[in-house]
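*Asks:* Protein chains in written order, with my numbering: chain A, 1 to 260; chain B, 1 to 278; chain C, 1 to 260.
Think of the hints as simulated: they come from the structure by calculation, not from any bench. There may be inaccurate statements among the hints.
Unchecked claim - Covered stretches of chain B, going by a simulated chain C footprint (3 or more residues, C-beta under 8 Å): (1) 164-172; (2) 180-194.
Said to hold, decoys possible - No more than 20 Å apart at the CA atoms, straight line, and that leaves these computed lysine to aspartate or glutamate pairs for EDC-like: (3) Lys171/B - Glu96/C; (4) Lys171/B - Glu104/C; (5) Lys97/C - Glu125/C; (6) Lys171/B - Glu162/C; (7) Lys190/B - Glu173/B; (8) Lys190/B - Glu86/C; (9) Lys219/C - Glu184/C; (10) Lys171/B - Glu248/C; (11) Lys187/C - Asp79/C; (12) Lys171/B - Glu86/C; (13) Lys40/B - Glu121/A; (14) Lys219/C - Glu248/C; (15) Lys24/C - Glu61/C; (16) Lys219/C - Glu27/C; (17) Lys171/B - Glu58/C; (18) Lys97/C - Glu173/B.
Just so we're clear, the structure is a prediction, and the values are computed from it rather than from any experiment. Here a beta-carbon is modelled for each residue, glycine too, at the ideal position from N, C-alpha and C.
Each chain, letter by letter, is given below.
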Amino acid sequence: MTRARRFVAEWAPAVLILVLGLVGWELAVKTFGIQKFLLPKPSEIATAFWDERSILWPAGWYTFTEAFWGFVVGVFFGIAAALVLARFRPLGSALMPYFVAASAIPIIAFAPIGNAWFGIEKGSKIFIAALLCFFPVLVNTLRGLTSVRPQQVELMRSYAAGNAAVFRRVRIPTSLPYVFTALKVASVLAMIGAIVGEYFGGSQQQLGIQIKNSAALFQFETAWAAILVACILGIAFYLAVALAEIATMRRYPSAERARR
Amino acid sequence: MAVNLLKRVGIFVAVLVGLCAFYMGYRQLYLSTGWTRPFKVDEYAMPRLQDIVSRLWEPAATDQPVLVQVLVQKALFTAREAAAGFVIGAIVGIAIGIVFHFSNLMRRGFQPYVVGSQTVPILAIAPMVVIWLGGQGLPVWMPVAVISAFLTFFPVAINTLRGLDSADPRKLELMRSYAASEWSTLWRVKFPCALPYLFSAFKVAATASVVGAIIGELPSSIQDGLGGAILNFAQYYSLDPSALWATNIIAAALGILFFVIVAIVERLVVRRAPEHVA
Amino acid sequence: MTAAAVSIRNVTKTFGKGGTTALKNIELEFQPGEFISLIGPSGCGKSTLLRVIGDLIEPTEGEAVIGGKTAHQARLDRDYGMVFQEATLMDWRTVEKNVSLPLEMMGWDRGARRDRVRELLELVELTGFEGHHPWQLSGGMQQRVAIARALTFNPSLILMDEPFGALDEMTRDRLNLELLRIWEATKATVVFVTHSIAEAVFLSSRVVVMSARPGRVQKIVDVDLAYPRTNDTREETRFFELATEVRELLRESHEAREGA
Chain A
1 MTRARRFVAE WAPAVLILVL GLVGWELAVK TFGIQKFLLP KPSEIATAFW DERSILWPAG
61 WYTFTEAFWG FVVGVFFGIA AALVLARFRP LGSALMPYFV AASAIPIIAF APIGNAWFGI
121 EKGSKIFIAA LLCFFPVLVN TLRGLTSVRP QQVELMRSYA AGNAAVFRRV RIPTSLPYVF
181 TALKVASVLA MIGAIVGEYF GGSQQQLGIQ IKNSAALFQF ETAWAAILVA CILGIAFYLA
241 VALAEIATMR RYPSAERARR
Chain B
1 MAVNLLKRVG IFVAVLVGLC AFYMGYRQLY LSTGWTRPFK VDEYAMPRLQ DIVSRLWEPA
61 ATDQPVLVQV LVQKALFTAR EAAAGFVIGA IVGIAIGIVF HFSNLMRRGF QPYVVGSQTV
121 PILAIAPMVV IWLGGQGLPV WMPVAVISAF LTFFPVAINT LRGLDSADPR KLELMRSYAA
181 SEWSTLWRVK FPCALPYLFS AFKVAATASV VGAIIGELPS SIQDGLGGAI LNFAQYYSLD
241 PSALWATNII AAALGILFFV IVAIVERLVV RRAPEHVA
Chain C
1 MTAAAVSIRN VTKTFGKGGT TALKNIELEF QPGEFISLIG PSGCGKSTLL RVIGDLIEPT
61 EGEAVIGGKT AHQARLDRDY GMVFQEATLM DWRTVEKNVS LPLEMMGWDR GARRDRVREL
121 LELVELTGFE GHHPWQLSGG MQQRVAIARA LTFNPSLILM DEPFGALDEM TRDRLNLELL
181 RIWEATKATV VFVTHSIAEA VFLSSRVVVM SARPGRVQKI VDVDLAYPRT NDTREETRFF
241 ELATEVRELL RESHEAREGA
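Here chain A stands alone, though its shape is the one from the complex (with noise of 0.2 Å):
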């Protein structure tokens, strides 16, 4: 089978599912009369994303730029931790358990006391944002780094290896396939985090308020027109850290082999 027929084969089920489930969901509205307010129509909410764009594009990219730099923020606190604690090994093995309970702290919480210390502006977003994917991305970092094969370690010490060397071209691949795994999970709640933290409060232009706001008004093919923006911007941020992974994965093939 040709590479093209095997990308087809692979991909017309989920085609097709998704071709059957608009038209079922069309006919079954019409059918059933279900009320608008309850589940509007796929044709209705396409309506709306195109009819309401002017206001929903610009919001959508407003709390993405607002889950973006939570992410950056996030990502980049999460890794630096995780490397001081493979530094000091006792401190992170000792510390790892508190750090995996801690990601279950509903963070969400500490929503209104973002709203507090940054105004209900980007800045409790972003924060917002940036805790969520701060302890997903430490914990896996920590754990790629640290779960090096004694035997790798101890052919870089044969080499008389420094610390340093032993790191750059030991740990680092190793720990890759980990780093790349939190991204993704980190881009996705980066994403989320962002809305669900505007639902606190926030300018008009953010797409959690548009959310709230055509509900309360009952205007629901917005508000899930509104989601479909959501969705998509989600999609589309998970896989621009999937291409990156690839991108980045293939100048260690060694570390893509190790993943397998």
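Based on these hints, arrange chains B and C on the given structure of chain A.
*Replies:* Structure of chains B and C alone, referenced to chain A:
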């Protein structure tokens, strides 16, 4: 054995003390220098630790019992929703994992949507779910449990699939040499192999279900849970900042409690060889 | 005349359309109670042949007949026991529960299972280890548990795929003796795949030497050493002669492959 326990307790105390010291130190530093980056520190931004703790023992509002008592009651309310959502989400997740494991066609058809479902902002769906299910005459906590389940099912499904796929092919050959049925192999080999993965997902799901429950309560204006308390105290933050901080601490404790319970169950159920890594 | 224990009739196995031919026109017959070793260069198909006998792989042409039944029927009737190189014990089960696995599947009740397991563990000299977990045992002990498990139904045929390959030499020698003792106690037919010339000659009544891919039967060597064999047998002149004969056959086939 006892030394180990002592060490662990010691670390726990050290972490607690460290956190308090960090909080108070940061606060003191910012108060005395008046720095405003990343945010301005005053009585409202960061109340004194003593105030937060003592607030717990003051009445929640006029003519109400002590705050900590009120919060614990609300926490129990939220916990019930979260637990219900966790169970529903776990069952659905495991079912999806099993179906995807056995049917490549179903996997190719539905997996993108299972993954995509997680990018939908839960809060946005919440009002609609609440109206839907609320209109059916279901108890008011049901929609919240559904939202909780929505956040739970995904990690469970993904990890069930990964766990079932991870079974050692030699073990599967062994079962074939016993002319074992597909069901027998699933139950005796694949499922036990999947347990470590499952529990890894349960730990994530435990947290997610609590988050889902809290968030779910917000649009439903449910007063009886922690979400309602957070919203309430957020409104009055300028008058009573310690109350919100206290609520957050209780919420954090709830999340951690769920997580610890799962971890304990894991310790009891999953018996494996210890791993060796550098 | 009793039916042959195992009859391999003109078996050929090719993987994939026009892919590699693992086995070509194999014709073999093993009598009940024999101990047969299959030895040959890597890739000669000996493991594949073992799996054809066990009905775990279907031959492209030809068939395997076990005690007058088709291989498929023999598998359904659970007429044979199989032991792999990695013990494939279930980590989450105790030694006792590992050995009783096939009995559970046949629906035996708890009391009967416990008695049978006790018998078997006595046979492999592991009494007292019922409550241990696999990772608490040495490699040699794990393999003994695997052997006990293979004997649960008193099979007339035992298939073994390099069971001692991962063990050190001394443990291997000891387990060879144990295996011979068990073989004489159970009077089963054993088909044993190995890489070790010494092991093949020490254990077997006949050694089947296979050629490099595509696997053919190069020659069958009759091992006329007396049973019961002991460690002293390894130092007999005749042992050395037979081992040399096998070694030279293997060398021929190696060189033939290199030359081609």
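*Asks:* Take the hints in turn and mark each one as holding or not.
*Replies:* Here is how each hint holds up against the structure:
1. Counting residues of the stretch 164-172 of chain B whose CB lies closer than 8 Å to any CB of chain C gives 3, so the stated coverage by that chain holds, three being the minimum.
2. Under the rule that three or more residues need a Cβ within less than 8 Å of chain C, the assignment of the stretch 180-194 of chain B holds, with 5 such residues.
3. Between the alpha carbons of Lys171/B and Glu96/C the distance comes to roughly 17 Å, so the proposed pair stays at or under 20 Å and holds.
4. Taken as a hint, the Lys171/B and Glu104/C pair is honoured in the structure, with Cα atoms around 16 Å apart against an allowance of 20 Å.
5. About 17 Å separates the Cα atoms of Lys97/C and Glu125/C, which keeps this hinted pair within 20 Å; it holds.
6. Proximity of Lys171/B to Glu162/C is assessed by CA-CA distance (about 16 Å); at most 20 Å being required, the pair is judged to hold.
7. Taking the CA atoms of Lys190/B and Glu173/B, the gap is about 12 Å. The hint holds against a cut of 20 Å.
8. Restraint check for Lys190/B and Glu86/C: satisfied, since their Cα atoms lie roughly 18 Å apart, inside the 20 Å limit.
9. A hinted pair counts as satisfied when its Cα atoms are at most 20 Å apart, and Lys219/C with Glu184/C does not qualify at roughly 26 Å.
10. Distance restraint check for Lys171/B and Glu248/C: the Cα-Cα separation of roughly 36 Å exceeds the 20 Å cut-off, and the hinted pair is therefore not satisfied.
11. With a C-alpha separation of about 14 Å, the suggested pair Lys187/C and Asp79/C falls inside the 20 Å cut-off, and the hint holds.
12. Distance check on the hinted pair: Lys171/B and Glu86/C sit about 10 Å apart at the alpha-carbon level, within 20 Å; holds.
13. About 15 Å separates the Cα atoms of Lys40/B and Glu121/A, which keeps this hinted pair within 20 Å; it holds.
14. A hinted pair counts as satisfied when its Cα atoms are at most 20 Å apart, and Lys219/C with Glu248/C qualifies at roughly 11 Å.
15. A C-alpha spacing of about 9 Å is found between Lys24/C and Glu61/C, which places the hinted pair at or below 20 Å, so the restraint holds.
16. Taking the CA atoms of Lys219/C and Glu27/C, the gap is about 11 Å. The hint holds against a cut of 20 Å.
17. Between Lys171/B and Glu58/C the alpha-carbon distance is near 19 Å, which keeps this suggested pair within the 20 Å criterion.
18. Using a Cα cut-off of 20 Å, the hinted pair Lys97/C and Glu173/B holds, with the two alpha carbons roughly 19 Å apart.
Of the hints listed earlier, those the structure fails to meet are numbers 9, 10, in rising order.
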